[in-house]
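So the sequences go chain by chain: G and R.
Per the numbering used here, numbering through the first sequence is continuous, rising by one, with the last residue being 416.
Per the numbering used here, numbering through the second sequence is continuous, rising by one, with the last residue being 416.
Any given hint might turn out to be false.
Put simply, identical chains are the same to the list, so a pair is met inside one copy or across any two.
DSSO-like mimics (lysine-lysine), calculated; alpha carbons at most 27 Å apart, straight line [claimed, not checked]:
#1 Lys345 / Lys31
#2 Lys33 / Lys93
#3 Lys93 / Lys372
#4 Lys116 / Lys93
#5 Lys116 / Lys126
#6 Lys33 / Lys285
What the hints contain is simulated information worked out from the structure, not anything from laboratory work.
Listed below are the residues making up each chain.
There are 2 protein chains.
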Amino acid sequence: MALIVQKFGGTSVGSVERIEQVAEKVKKFRDAGDDLVVVLSAMSGETNRLIELARQISDQPVPRELDVIVSTGEQVTIALLAMALIKRGVPAVSYTGNQVRILTDSAHNKARILQIDDQKIRADLKAGRVVVVAGFQGVDEDGNITTLGRGGSDTTGVALAAALKADECQIYTDVDGVYTTDPRVVSQAQRLDKITFEEMLEMASLGSKVLQIRAVEFAGKYNVPLRVLHSFKEGPGTLITIDEEESMEQPIISGIAFNRDEAKLTIRGVPDTPGVAFKILGPISGANIEVDMIVQNVSHDNTTDFTFTVHRNDYQAALQVLQNTASEIGAREVIGDTKIAKVSIVGVGMRSHAGVASRMFEALAKESINIQMISTSEIKVSVVIEEKYLELAVRALHTAFELDAPRQGE
Amino acid sequence: MALIVQKFGGTSVGSVERIEQVAEKVKKFRDAGDDLVVVLSAMSGETNRLIELARQISDQPVPRELDVIVSTGEQVTIALLAMALIKRGVPAVSYTGNQVRILTDSAHNKARILQIDDQKIRADLKAGRVVVVAGFQGVDEDGNITTLGRGGSDTTGVALAAALKADECQIYTDVDGVYTTDPRVVSQAQRLDKITFEEMLEMASLGSKVLQIRAVEFAGKYNVPLRVLHSFKEGPGTLITIDEEESMEQPIISGIAFNRDEAKLTIRGVPDTPGVAFKILGPISGANIEVDMIVQNVSHDNTTDFTFTVHRNDYQAALQVLQNTASEIGAREVIGDTKIAKVSIVGVGMRSHAGVASRMFEALAKESINIQMISTSEIKVSVVIEEKYLELAVRALHTAFELDAPRQGE
């Protein structure tokens, strides 16, 4: 008998029929003897409907009041699921974030969970009840309703699992697990049985939108085993867990992530003096633009080139800022490119294997794909290439690192 | 500078445009220097939509969970109004029933208010904020969300006014006050400037659906001056207050109420023994049927006739029960009639005026309207007549008691 926290997202509870299906699934676990805490999002579309209503009053809705409105979305689904469970003879009770005191800071619309009072939930579990908790919401010290920001329901699930020391936190989604890469790009992409928190973070931040990054960080921090599963298909999903030393056989690379949302900016002929990086990036971050990759080459003739990437939406603004900087610091020119893509290989295995990067570069060279930027971390190598080569690069790397599923009939 | 509690119903907050209008009205009072607590219902139709959603899961939705769902309706409107006020430069804050701890018993879907913690509200008022409170909802001792049942927002308004010792509780509706009778029946019906709680209770229970009976009872008990006003038209409305001795000039009769929802049952030739009334009405109330008027005449030859009225929806059930009773106690026959109407004259003035009833009977006799039943209380005389004479009777009485507005041009 295990204690499991299950989180179902908006599409999984998008209609009364779907909620009934979720109730069936929960009942199955309950019948098997597990203690269950279920975290729900609002019905898909509902949060947007509520925000739209608020926008009709004001373009800039008061954050405190916006939270009062949008938090009603989950309040409806939790009660509906509790009813559907009780109808099936499964004792159940619903709680809002306020009722189980999911204490957050007061940063409305993007609050962070500080503490969860698990007393009420434990008492209900002990009494044999399934506890259904509203995701995405909490309450601050003064009793104001807060929300965690988009996708916050994953975080609620993980935080509850951590507070209750649950055996597993299951995140039900519309995919049946985490894949070696996007199956729409590589048909032979495979579902991973296991992946580490670190790898998952790299995969998620690079564009695999299965889980909220915050939730994965949280799970890693408190070592909550996290499992991604399909809401309505059976299957083991993907378990996200700590890097277990014993798994010697783990592949070097777990997956290939990619991202088409970035743009590249280069400032050329920058006088190479101490503090120059700050002079360039200070105004960028001052304009609230986030920078992803940063590359600075060794200097020639006391000048250097400095390249970085930003989200494509911020490209024009960043270009403007950079041009001002260039004339201030006496740089030669500013050039930019939006037709780029970032491809990354991710895997904790590469820590102990030399030559991973060169194997990557070799695979790309074989396809005559030019590498524009390189950036590495302990468990990741990222390259920026011309956007049109993206699919070709991902497929080549997927094969080179032996991630392809066996073809049918093989 | 007064402290006013204002309550706006579902149609008054039925759309974003309407909510903006309510904000304008509230701002006007605030600008005039009043302290304001505003109580809101859900947008019209929203509560029904939410109940329907719950019914899709279960014909008999779990009451606790139903309250979790339906309470979201008011939660949306309070935040929207707070936003609309803040947009206009009026500091405002919204609270759910739970947040200001409107403590109720645990009778889900029909809870009763036990206590209100006014500390938070007083602090906000002191800080110059308009406090917007969700009507219709509260929280029980264990932190479960409760609702007060239909129309409960009026009760929330009055309870808040009582707790805060407000100068007035204003109930905004789609009528501009309480009338001497239904203006659809008597075109010369007049708006009353004042009416007593007792009169209002008689008017309300007799079919003038302006205010919730519970709210009027509550207001009377705690002596909260209650004013009925139109949400979007200017005007003084009707003040419902205690019977002030000084108003010597008050009319004998304040209004004419009527009701077409009743049916009449008579059991004839009942052996007149002690306890016979209980033998007849016991089984009726045992079948959960509410009885309104009861008349028993003096007996002839040791038998008597016993007549009472019930809601028309309960007529068939009551007839069945009564026929069983008749054979048990050896009564002669049971007869019934659904084509009846009840007409009442209501007024605290009649306490000190003899002859009010006879003036009523005279007016009806003049129109050749036969009286089938009569029932009187301190401030009311009710008669049952044939339904088809209803409008004629109401008009005749309205004129006889000098309630008609002067005709235009007179």
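Hint by hint, here is what the structure shows:
no.: 1; hint: Lys345 / Lys31; in the structure: neither (45 Å within a copy, 55 Å between copies)
no.: 2; hint: Lys33 / Lys93; in the structure: within (11 Å within a copy, 47 Å between copies)
no.: 3; hint: Lys93 / Lys372; in the structure: neither (61 Å within a copy, 61 Å between copies)
no.: 4; hint: Lys116 / Lys93; in the structure: between (35 Å within a copy, 22 Å between copies)
no.: 5; hint: Lys116 / Lys126; in the structure: both (25 Å within a copy, 25 Å between copies)
no.: 6; hint: Lys33 / Lys285; in the structure: neither (59 Å within a copy, 50 Å between copies)
The structure shown violates the earlier hints numbered 1, 3 and 6.
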